[in-house]
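Asker: Sequence lines, in order, name chains A and B. Going by numbering that gives the first Met the number 0, the letters in the first sequence line up with residues 0 to 784, in that order. Going by numbering that gives the first Met the number 0, the letters in the second sequence line up with residues 0 to 153, in that order.
Everything labelled a hint here was simulated from the structure, so no lab data went into it. Some clues are possibly wrong.
Stated by the list, open to error - Below 20 Å or equal to it, Euclidean Cα-Cα: the simulated EDC-like pairs (lysine to aspartate or glutamate) are: (1) Lys737(A) to Glu488(A); (2) Lys426(A) to Asp19(B); (3) Lys426(A) to Asp150(B); (4) Lys67(B) to Asp203(A).
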Amino acid sequence: MEVKTGKNISIKIDRKKFSVPDGITVLEAARLKNIYIPTLCWLENLVPYGGCRLCIVEIKNMRGYPIACTTPVVNKMEVTTNSTGLKTLRREILELILSEHPYTCLVCKDKNDCTEYMHTTRKVSTTTGCNYCANNGDCELQDLVDYLEISDVKYPVTYRGIEPERNNPFYDLDYNLCILCGRCVRICSEERNSEVLAFTQRGDATIVGTAFGESQIEAGCEFCGACIDVCPTGSISEKMGKWVGLPDKSTETTCLFCSVGCTINVNSKGNRIINVGPKTGKRINPPQICVRGKFVPGDIVHHPDRVLNPLIRKGDKWIEASWKEAISFTAGNLKQYVGDKFGMIGSPHDYLEDNYILQKFTRKVMRSNNLDMLSAYPNSKILEQIHKYNNTFPPIELDSIKDTDTILIIGSNGSVSHPIIENRIRKAYRNGTKIIFANPYDNRTSSFSHNALIFKNGEELLLLHTLLSVLLRNKNGEETKNLKLQLQELDFNSACNQLGISASQVNSAVNLISDSKKLLILAGDGILRGSNCIDSFNALYNLQLLQKNPDNCRIMFLLSEGNYYGGTFTGLNPGLLPGFARIDNKKNLKKWSDHLKIKLNNTPGLSRNEMINNIGKDGIESLFVFGDIPGNPDLSGLKFFVQQNMFLTGISKYAHVFFPTTSFLETRGHIINIERKIKKTKQVIKAPGETRTPWKTLSLLAQAMPDEGFKIRNPEDIFKELQSQTDLSFSSNNKLGKTCLPVKLMPFKKGKKHTKKEGLEYNYFHYSGNDLSTLIDDIKKIKKG
Amino acid sequence: MDVKIANTTQSILNKFPQKDKSNLIQILQAVQEKDSFLSPEAIGRISEHLRVSRSYIFGVATFYSQFKFNPPGRHSIRICLGTACHVQGGDFLLNAIKSELDISTGETTEDGKFDLDRVACLGCCALAPVVKIDNTIHSRMSVIKLKEILDGYE
Ligand code: SF4
Ligand code: SF4
Ligand code: SF4
Ligand code: FES
Ligand code: FES
């Protein structure tokens, strides 16, 4: 809890004098001074609930036994945290709690031997604990029993006989073990604003549950897993790693699935990932994460279908090969396709290091500019604009989203695409921030908005122009003259009509925007993947410039994959060299020709779609793809196709060689996240089998071609090269000006039905193009749900 | 969704335009008054209106014994569990009838014939154990007698 006055007061804890900040609770004061008070329902970052009463203390001049977690300190307070009386009472309380909880595992006299030798595992049935509790060894009840030295419980065990629930994706529920501490209920509503769980029924029958006992999916669970992490018992347990025991290693690294790039803690044992969650003994993972970060890493890394050896095609069969064989086979073939016949498609889930080498290999060894990414944006110019924007304004941090006064979120399905951004939007909403939600269809975000503008599909640009033209009505300065002129043809009423939104709704949105002192605009795939993306970008930028204080306003571009922006930054783009340097610019061309010691071609190469659509003679004859291309395009016209991936996929049938690759948890590198932070990642486990990183494959290939300049020892070497050649501090002069960008009105698409859901049907559940819902059953379940 | 329930719920919600969740109990009472129970559909509509989850509403509603979550059956069975009836085997009756009808207290049989609940003292302790079906009191009940009586209901 935050300190309210900033003043310090003086209190005594266990007869010792301390100075502590005013406004905190007795428990916080004690923790601050390293004095232990047992707790069960209390948890950092959650509003104190005062349910378990284990934290009782004695306070001079206060009757009874106040609870430390809800009692605020006052000046001159004298607190006793430990006395015989307190210990007896606490034991009593814990015994009562335990009488509702299968406690054999806690007080059994064989407890110690049992954990070590497991010779009594069959003593009790599954649901009464012992070694059959999934939380064994990481249970707060076990810790408390030890602390209070309880060796027997005088109450009979009342087994509640609740059927365990095993049909939910990702986690199982066994409320027989629940001690009603309410942590799961509170984290789900306070921290996640999902409100899936509630205490239902009353008295003895009280239980955590959903409305009418519906399933977690029906109740709107977002499978963030926060409730699993906070539960002090084994009532909520992750299916994966359930019986594996305690981790022997915890590694803090970065999630790569979306551009938020959350910090995740990965627990592992040996070379196996147990789960993503708090370290042993910890219950909370303050930077919250989402379903992909929480559950996908272990499932894909240890997926049974993973390919662990290089494969070479012999007719319609795959033959396992050594790296040496596969490399020399590939190098020999690739030599025939040097030049424009060759194309390279990389993954937005690979590191800066990998993608830098991808482009270097393609440009230097293969002499081709045909470079792009899987899931490339239809118009990659939008990335250049975003980069300019990033050079113009300092980034906004995730944690300051809740401090803005108004948020306009447009064209985004945030609770699926960027759940942690959504998490901050919900917090902002609770914090009093005004939220304008603009989207062609309703989704979960709209219930956290004050104004929901549901406009006709495909009309985001018209909406932005309409907002602009209303905003411009009472602006008369020189700076806006041009913009006004460009928008003068826009007739407000016909625009509203075309958008399908009432005039009053548009006006109230404009009022919110113009009253704002700190506006945040969040632009999702509806904008970024739309065919008008550049015009929409200009309109959004103008919206920012029309603010009273544009420097207080920010636009956050919700790029989808973890390192899409980073990949473009490394030059994995047909028209851009590393650092967003345009290839058709003489200076850039010279600099990079010198650096790579070759003569670079100044014509931009083909984009992802152009490559795929131009396979054959006079087009692309050889392709190298890292990952899978969704949609299973026909690649049968390729003469030589190399795929490097974790799995054999639909396009593998066209491949001549297949290299097994590492996942982001089996190597290390950097990404650039949505906050424009360069985030370093750590290697969690060793790469299994014969898998290699993309950069390693290409450096081996280059040396076999042979080509100089690819004798790379480690990813640090690559990062240093990238750092020395580009401006990773975003301070370059490649900036946007402070004058409004041109906008152009589109004619109304009269009577035309908008059927195409531009940018809206994007599959966020993929990893390097591999569809997670075909790889992981539980992902399929939640996608349907 | 049941159109009738949706309409009554909506007309009640229209009286609470402020969408303030402190009105929840009042709304639930009004809905129960009209529909005689709280249906999943009604709770769903209230949830959209107040922007709180169905789980939250269900949690609040189940905390109060006044709320019912099943439509009433054509006949209501009330088993007395007051002290006298309890001593005379009221809970035994209750358990037998629960398994006979395959429902718990507060529920309604699938064919909509009976709903079942427990009550505390019906004021005729001398005749314990007592069961009330609709408005008729049946005294000195046994499991066999009760089953026979139930068979007579349509
Ligand atoms: S997984 Fe997340 S959304 Fe689902 S119940 Fe747990 S905390 Fe709530
Ligand atoms: S399920 Fe776990 S976290 Fe939730 S109330 Fe029960 S013991 Fe507490
Ligand atoms: S929000 Fe994005 S970065 Fe964070 S855990 Fe989810 S997918 Fe990973
Ligand atoms: S920790 Fe204070 S009451 Fe539970
Ligand atoms: S106890 Fe049943 S009627 Fe009084």
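Asker: Hint by hint, say whether it matches the structure.
Answerer: Verification of the supplied hints:
For the suggested pair Lys737(A) and Glu488(A), the alpha carbons sit about 25 Å apart, so the restraint of at most 20 Å is broken. The suggested pairing of Lys426(A) with Asp19(B) holds, with an alpha-carbon distance near 18 Å, which does not exceed 20 Å. Of the supplied pair hints, the one linking Lys426(A) and Asp150(B) is violated, its CA atoms being roughly 58 Å apart against a limit of 20 Å. The suggested pairing of Lys67(B) with Asp203(A) holds, with an alpha-carbon distance near 18 Å, which does not exceed 20 Å.
The structure fails to meet hints 1, 3 from the earlier list, while all remaining hints are met.
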